[in-house]
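Given the coordinates of chain W, work out where chain D should sit on it, guided by the hints.
Protein chains: 2
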Amino acid sequence: MGQESRHYDGAMARWEPGARDRLVVAAVDLFTEQGYDATTVAEIAERAGVTKSTFFRHFPDKRELLVAGQDMLGRLLAEGIAEAPEGAGPLAAVAAGLERASSAMGPANRELGARLKAAIAASEELQERDALKSVSLAAAMTSALTARGVPDPTAHLAAEMGVLAFKRGYAVWSEGDRAEDDGLAPYALAALDELRAASASLG
Amino acid sequence: MGQESRHYDGAMARWEPGARDRLVVAAVDLFTEQGYDATTVAEIAERAGVTKSTFFRHFPDKRELLVAGQDMLGRLLAEGIAEAPEGAGPLAAVAAGLERASSAMGPANRELGARLKAAIAASEELQERDALKSVSLAAAMTSALTARGVPDPTAHLAAEMGVLAFKRGYAVWSEGDRAEDDGLAPYALAALDELRAASASLG
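In the order they appear, the protein sequences are chains W and D.
Position in the first sequence counted from 1, then plus 93, gives you this note's numbering.
Position in the second sequence counted from 1, then plus 93, gives you this note's numbering.
To be clear, the hints were calculated from the coordinates, so they are not data collected in a lab.
Since the list gives no way to pick out one identical chain from another, each pair is judged satisfied if it fits inside one copy or across any two copies.
Simulated crosslink set (EDC-like; lysine to aspartate or glutamate; CA at most 20 Å straight-line): (1) Lys260 x Asp245; (2) Lys260 x Asp164; (3) Lys210 x Glu126; (4) Lys210 x Asp130; (5) Lys145 x Asp122; (6) Lys210 x Glu268; (7) Lys260 x Glu157; (8) Lys155 x Glu126; (9) Lys260 x Asp275; (10) Lys260 x Glu172; (11) Lys155 x Glu217; (12) Lys155 x Glu218; (13) Lys210 x Asp270; (14) Lys260 x Glu204; (15) Lys145 x Glu157.
Pulled out of the complex, with its shape left as it was, chain W reads as follows (with noise of 0.2 Å):
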């Protein structure tokens, strides 16, 4: 990485520019070499240049580091949906929501993509967590698109289409050429539509 980030620190960047992005890398890089439960709060700490008290400024366990950022994307995902054109169908909120939230995705999080995945594919734990970040997301959509009016069940069904998309384009951004600076938007919105299209074809 090698970078100071301005994604994901929030306040926290203020008195240690990079720390969280150093940890998380650290982190995903040991649970991938050694296996999650094999690592300590202290090899992460050690690995990224930090002491302990600084893990623990940031995360308050190894689990939660890996989904650092859960609840800011979950509220940047509600706040585009509730701040779309109030005539927006369901999905259009929905793809408001995708564009806040890839806002706040930037290279660090586009570099972390395989990293992250390989950590996952290790451990049932870490996909026991990535499952409810999905439901949590899910959820965060479901409540802004009910907000809006949009009846059940089309806002879950909306809202499950948005984390797919999220996922999907996640997935594709971050195996992509990263030499390219485009930001997680695009590839997010492609993926909408694409489910989008699906949606006519289902029978």
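Just chain D, lined up with the frame of chain W:
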């Protein structure tokens, strides 16, 4: 419960009919009464009136007990999809999967609904396990749809709708009037029909 169940037992039933259902009910009650973390395998076995070794013949640990039947459900969903008529569209195939899986859900499963909901609401660990269960059922259906030639992402979307329909149908069924001797299938299929209708109003 008080009745021997013909559900979920499979080969196990040959040597201790009903033990599996009794263990599940005892566990979910204990989880709700005193919390998931505080409940031991010994307490679950005692409440169910069986030995600890009987517990371990049925489940590797207390957490897996809560997702009893997940693999079986995934298999039945996939079988139903695979055996749907050749000309059936993606959602018609999903409906066939829901019918097949519903046939494995009997009165004991219906009775458990409210208890399960309370136990899961009270424990983040159980929420994660439950979220992973949804992911696993969606993956089973996606594979079965892909094997029928349904292209991606239609297969993914139809599978997610199948999971939503199964969960929503199960919720309504288990909250419903238990004197009525109807199975889960009509509830799951009605929920799928609602989602199909919703997919036409996504905007």
